[in-house]
Amino acid sequence: DRISNGGQGPSNRTPSEVYTDGSKINDQKSSVFCAIANEPINRTWKAKLSPANTLFQAEILALKAAIEWDNTTNEEVNIRSDSEPSLQAPKSFYLTRKITQEAQMTLLENARIRLVWVKAHIGIKGNEIADTLAKEATTDGIPASLPFPKSFQKKQFLQLSQPFRLRVRGYSLWCYVYINNNKEYLKQHKLKIRKSRISFN
573 DRISNGGQGP SNRTPSEVYT DGSKINDQKS SVFCAIANEP INRTWKAKLS PANTLFQAEI
633 LALKAAIEWD NTTNEEVNIR SDSEPSLQAP KSFYLTRKIT QEAQMTLLEN ARIRLVWVKA
693 HIGIKGNEIA DTLAKEATTD GIPASLPFPK SFQKKQFLQL SQPFRLRVRG YSLWCYVYIN
753 NNKEYLKQHK LKIRKSRISF N
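Read in order, the letters of the sequence shown are residues 573 to 773 in the numbering used here.
The calculated label-pair distances, taken between Cβ atoms and stated as ranges, are:
1) E640 - I613: 14 to 20 Å
2) T586 - S664: 28 to 34 Å
3) P623 - P657: 19 to 25 Å
4) N598 - E647: 35 to 41 Å
5) E647 - T711: 27 to 33 Å
6) Q660 - N682: 16 to 22 Å
7) T586 - P715: 33 to 39 Å
8) K670 - K697: 30 to 36 Å
9) T586 - E640: 19 to 25 Å
10) K663 - D712: 28 to 34 Å
11) P719 - K663: 17 to 23 Å
12) P719 - E647: 27 to 33 Å
Keep in mind that the hints were calculated from the coordinates and are not lab data.
Note that the coordinates shown come from a computational prediction; the quantities given were computed from them, not determined experimentally.
Glycine included, each C-beta is placed from N, C-alpha and C at the ideal position.
From just these sequences and the hints, can you work out the full model?
In structure tokens, the structure reads:
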């Protein structure tokens, strides 16, 4: 299957091949891309994400980084990934994640890029290299900061609410959620109470 954003017709130049990947090892997430031109690898990029981030976020970050890199090369590029959801995401008209919106806008500005899905673990050399780099990046990647997904925020909120039993009536309640002892700000919740009670058990 091929996923393309359209653009110019066939060129006599051989496009560069870029492979992207994301990895999860013991809750550690990472993103990578590697650019291959006539066999040798001429560019690699590795990032390490927070354990709270999702594998999908890692895949999208790798795709976004590859697109941004290609904008600096002025060359035709095939970006290949075995993550079909991450390749399909920039095509959507209804994007809620900022990082996906940024990838979409950058992609639309560059008609030289084609997104191509490849099947995983069938011996495609570039894809296997990206997979190896992604595993390495869980320990030696450059730290990358992405917003935590709502699912993680909700989980933290419920976990931290467990020790308390709270009943309120007729007013708004502000709750601040922090991670462990680092007091890293997660999210501010405003709960609207209307003639009813709310309990945290």
